[in-house]
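Enquirer: End of the sequence shown sits at 121 in our numbering; the numbers just go up one at a time, nothing left out.
It is possible that part of the hints are untrue.
[As the list claims (entries may be wrong)] Computed beta-carbon distance windows for the label pairs: (1) A79 - Q13: 31 to 39 angstroms; (2) S21 - I82: 26 to 34 angstroms; (3) S92 - E10: 16 to 24 angstroms; (4) N95 - V72: 27 to 35 angstroms; (5) V72 - E17: 37 to 45 angstroms; (6) T70 - A16: 31 to 39 angstroms; (7) D81 - M36: 17 to 25 angstroms.
[Said to hold, decoys possible] Derived BS3-like pairs (lysine-lysine); straight-line CA-CA distance at most 25 angstroms: (8) K114 - K102; (9) K69 - K114; (10) K67 - K114; (11) K102 - K69; (12) K102 - K67; (13) K69 - K80; (14) K80 - K114; (15) K80 - K67; (16) K80 - K102.
Rather than coming from a laboratory, the hints here were simulated on the basis of the structure.
Being a predicted model, the structure only gives us computed values, none of them experimental.
Every residue, glycine too, gets a C-beta built ideally from N, C-alpha and C.
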Amino acid sequence: METWSTEGGEAVQASAEAVESWTELANLARDELVRMGIPAVVHAWAEASPGAVVEVHAGPPYGVTVKWKTVVADSDDAAKDILEETLYSVLSAANFRTLVDKVGPDQYIFRVLKRPYLILE
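Kindly generate the complete structure, drawing on both the sequences and the hints.
Expert: As structure tokens, this is what we get:
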């Protein structure tokens with residue numbers, strides 16, 4: 001996705017309304033992951049406990065993303081990639097609108113774009 005910036009080079013921050021709607025979406029995604037037995041938290045910054053992290057970004061990369069935070073900082077990237085793909089698959093299967101955003105060679109952002117049209121209980 002394109003990074004929006006001001007003429008001074010600073011990234012444009014999303015509106016409070018956008019962040020509020022993304023936070024609601026992130027909470028729904030977290031609830032679905034927890035319902036499926038995956039430990040998950042919603043976090044607006046990079047610091048979080050190990051497990052699934054549903055992040056809300058007011059600046060680049062904007063919106064809601066999911067990632068896996070490992071216990072060990074220098075862990076196997078292949079295992080982390082598989083776990084992130086699993087999180088994406090779980091949310092996609094639960095009818096969330098999702099997107100894999102390729103941002104570089106072997107680098108992806110797993111996005112949650114929209115709540116499911118049918119919430120499973």
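Enquirer: All the hints need checking, so say for each whether the structure fits it.
Expert: Quick rundown of the hints versus the structure:
no.	hint	in the structure
1	A79 - Q13: 31 to 39 angstroms	holds, 34 angstroms
2	S21 - I82: 26 to 34 angstroms	holds, 30 angstroms
3	S92 - E10: 16 to 24 angstroms	violated, 34 angstroms
4	N95 - V72: 27 to 35 angstroms	holds, 34 angstroms
5	V72 - E17: 37 to 45 angstroms	holds, 38 angstroms
6	T70 - A16: 31 to 39 angstroms	holds, 32 angstroms
7	D81 - M36: 17 to 25 angstroms	holds, 19 angstroms
8	K114 - K102	holds, 19 angstroms
9	K69 - K114	holds, 23 angstroms
10	K67 - K114	holds, 17 angstroms
11	K102 - K69	holds, 19 angstroms
12	K102 - K67	holds, 14 angstroms
13	K69 - K80	holds, 8 angstroms
14	K80 - K114	holds, 24 angstroms
15	K80 - K67	holds, 8 angstroms
16	K80 - K102	holds, 16 angstroms
This entry does not satisfy hint 3, going by the numbered hints stated previously; all others are met.
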